[in-house]
Amino acid sequence: MNEIKEKVKADYLKGLKYKEICEKYDLSINTLKSWIKRYKWSDEKKKGAHKNKRGAPLNNKNAIGNKGGAPPKNKNAEKHGFFSKYLPDETLEIIQEIEQKNPIDILWENIQIQYAAIIRAQKIMYVRDKEDITKHLKKEKDGDIFTEREWEFQYAWDKQANFLRAQSRAMSELRSMIKRYEEMLKSDLVTEEQKLRIQKLKAEINGPDEDNQESINEFIKATSPTEKEIKELFGDEEDGEEEEEN
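If you read the sequence shown in full-length UniProt numbering, its first letter stands for residue 1, the second for the next number, and so on.
Because the hints were derived from the structure by calculation, they are not lab data. Misleading hints may appear alongside valid ones.
Stated by the list, open to error - Distance condition first, Cα-Cα at most 20 Å in a straight line; then the derived DMTMM-like pairs of lysine to aspartate or glutamate:
{"no.": "1", "residue 1": "K40", "residue 2": "E97"}
{"no.": "2", "residue 1": "K179", "residue 2": "E109"}
{"no.": "3", "residue 1": "K202", "residue 2": "D105"}
{"no.": "4", "residue 1": "K200", "residue 2": "E173"}
{"no.": "5", "residue 1": "K195", "residue 2": "E183"}
{"no.": "6", "residue 1": "K101", "residue 2": "D188"}
{"no.": "7", "residue 1": "K186", "residue 2": "E44"}
Given the structure is predicted, the values throughout are model-derived calculations rather than measurements.
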């Protein structure tokens, strides 16, 4: 394997294209990029290009009047010439940074973002107890005599049910991403750090499953309204409807 790497490195430093190198040694483009980044071949290539830089012979006047470079507005030599025409500069910078990343590291960053969003949701969607009711002004209309307002009420069991559904979808997506990450760990190119960090995250997520489930069941039981409580909440409305019918 080391012999192949040396040959790949030599061809890379000579200036062969990625596609040519991959076809020659039966490598994937991701493997080649990983080697270039890990062993800093690009730095060696830059140093070599600097040492071999040549100019025109002394007193050579063939290039007088020629400023060199591509014609104005010519973007053929730009790697992202097409993108730079339509995308904002900030987006282009992000694309250029992503190119330097390994696919498994990109996936890991997305896993971290997803997990952070799940943790943050715990605070945003927190339900205090079964008396936790949110009153939200849905619509307001000013009239000549009075102002008409329409309110929306969110009861504890509604908020908790919505939270559990959203949390379930988010956790399902997180597990799917972790599964893809573990599939990528089968590659010979992954580092020990890339293996260990997913083990740590899985330990944090899984934890004591039985305790978690028991806590969830207790909360659902505590926040679920009884028939008596439902009648107390909506009894006045039902009585009002009966009076109108009479």
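So, against the hints stated earlier in the document, which numbers end up violated here? 7
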